[in-house]
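*Asks:* Respectively, the protein sequence lines represent chains B and A. Anchor point for the first sequence: position 44 equals 243 in our numbering, and the numbering is continuous, going up by one each time. Anchor point for the second sequence: position 22 equals 692 in our numbering, and the numbering is continuous, going up by one each time.
Treat the hints as calculated values from the structure; they're not laboratory data. For glycine and all other residues, C-beta sits at the position ideal for the given N, C-alpha and C. Hints may be right or wrong, so weigh each one.
Simulated restraints on C-beta separations [as the list claims (entries may be wrong)]:
| no. | chain 1 | residue 1 | chain 2 | residue 2 | range |
| --- | --- | --- | --- | --- | --- |
| 1 | B | Ala-214 | A | Asn-715 | 28 to 34 angstroms |
| 2 | B | Gln-416 | A | Pro-724 | 21 to 27 angstroms |
| 3 | A | Thr-679 | B | Gln-416 | 16 to 22 angstroms |
| 4 | A | Arg-706 | B | Ala-214 | 22 to 28 angstroms |
With a straight-line Cα cutoff of 20 angstroms, these simulated SDA-like cross-link-like pairs (lysine to any residue) come out [claimed, not checked]:
| no. | chain 1 | residue 1 | chain 2 | residue 2 |
| --- | --- | --- | --- | --- |
| 5 | B | Lys-423 | A | Asp-719 |
| 6 | A | Lys-703 | B | Arg-405 |
| 7 | B | Lys-300 | B | Asp-233 |
| 8 | A | Lys-703 | B | Ala-440 |
| 9 | A | Lys-703 | B | Ser-410 |
| 10 | A | Lys-703 | B | Arg-418 |
| 11 | A | Lys-703 | B | Ser-419 |
| 12 | B | Lys-300 | A | Leu-687 |
| 13 | A | Lys-703 | B | Ser-414 |
| 14 | B | Lys-423 | A | Ala-720 |
| 15 | B | Lys-423 | A | Leu-687 |
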Amino acid sequence: MRYGTRLTTLSLLTAATMTAALALAFFYAPMDADQGFMQKIFYVHVPLAIVALCGFVFGGVMAIQHLRTRDPRYDLRSYVAIHLSLVLGAGVLVTGAIWAKASWGHWWVWDEPTLVSFLIIFLLYATYQPLRFSIEDPERQARYASVFAITAGAFVPLNFVAVRLAQSYTHPRVFATADGGLPPRMQVAFLVSLAAFALLFVTLWRYEMTSKHASAQLRSLRRKLTADGDRGLPARGRSAAPSLPSP
Amino acid sequence: MTDALPDNTGYVAAAYLVVFALVLLYLVIMARKLARLERELVELNELADARVAPERDRTGEEVGAR
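Bound conformation, chain B alone (with noise of 0.2 angstroms):
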């Protein structure tokens, strides 16, 4: 599979769909009547928690498939998910740290079951790079792994279901509260912002796999050119990250 296909107008839409999103948050949505102007935050941190626990689900699905049919590919998929879900989950810890200090004057509320939730998740998955890095023999660490990322891909589910039906309403809730959520015109830039990361994480995706494939395919091209075979590369040495085998 080639994953450079069609990568740049997945990049453009991309660029498309964020400005069309920073558009609608800032002039198309209204100003929300308690919060005012900082509710803002709300189309770039809600977003983005979404599609990192997303991200972090489809990681478990990669691993699934990685077990079931042992190809490294899908450990790679799984990899990259769980790596840029990551990335994004730094993202949604700053901005909800942010928002937190504007709106209720701490930087962090530990009796905020959304908050510690997501922060339990986010330090799940970072002990999946130690985790990786700590096993040397590459089968063995992708099969581990994959174990991790399914337990841990369940896990995220689980987690929102066990927040939803915590009691403590203090964090702003999207849709499904009782007087009927999201006025119409915040809906709509909230799901183009959703759309938006959404892609970002796709192109971004696609971008870390389109470099991981072509380092591979540069590998085998290496291994055909030298005649010695292996003995002109580089030894690998141990790495947490998983490495295609030859094409």
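Position chain A relative to chain B; hints supplied.
*Replies:* Frame of chain B; chain A shown alone:
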């Protein structure tokens, strides 16, 4: 819109800048990877040239001998 801007505009700007900086950081990492790939490709190209040149010389010598 500007009439309604409260004091906490800085927080909103900070939140959006964080996301922008993260995406930028990711692009920088990708750019470094791309540069490494280019280096490897140049190296392989030189390796291919080095392999092709002696073969060309040998073919040339054979033609000259005839």
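*Asks:* Evaluate each hint against the coordinates.
*Replies:* Hint by hint, here is what the structure shows:
{"no.": "1", "hint": "Ala-214(B) x Asn-715(A): 28 to 34 angstroms", "verdict": "33 angstroms, holds"}
{"no.": "2", "hint": "Gln-416(B) x Pro-724(A): 21 to 27 angstroms", "verdict": "26 angstroms, holds"}
{"no.": "3", "hint": "Thr-679(A) x Gln-416(B): 16 to 22 angstroms", "verdict": "48 angstroms, violated"}
{"no.": "4", "hint": "Arg-706(A) x Ala-214(B): 22 to 28 angstroms", "verdict": "25 angstroms, holds"}
{"no.": "5", "hint": "Lys-423(B) x Asp-719(A)", "verdict": "14 angstroms, holds"}
{"no.": "6", "hint": "Lys-703(A) x Arg-405(B)", "verdict": "14 angstroms, holds"}
{"no.": "7", "hint": "Lys-300(B) x Asp-233(B)", "verdict": "16 angstroms, holds"}
{"no.": "8", "hint": "Lys-703(A) x Ala-440(B)", "verdict": "14 angstroms, holds"}
{"no.": "9", "hint": "Lys-703(A) x Ser-410(B)", "verdict": "7 angstroms, holds"}
{"no.": "10", "hint": "Lys-703(A) x Arg-418(B)", "verdict": "14 angstroms, holds"}
{"no.": "11", "hint": "Lys-703(A) x Ser-419(B)", "verdict": "17 angstroms, holds"}
{"no.": "12", "hint": "Lys-300(B) x Leu-687(A)", "verdict": "16 angstroms, holds"}
{"no.": "13", "hint": "Lys-703(A) x Ser-414(B)", "verdict": "9 angstroms, holds"}
{"no.": "14", "hint": "Lys-423(B) x Ala-720(A)", "verdict": "14 angstroms, holds"}
{"no.": "15", "hint": "Lys-423(B) x Leu-687(A)", "verdict": "46 angstroms, violated"}
Hints 3 and 15, counting from the list given before, are not met by this structure.
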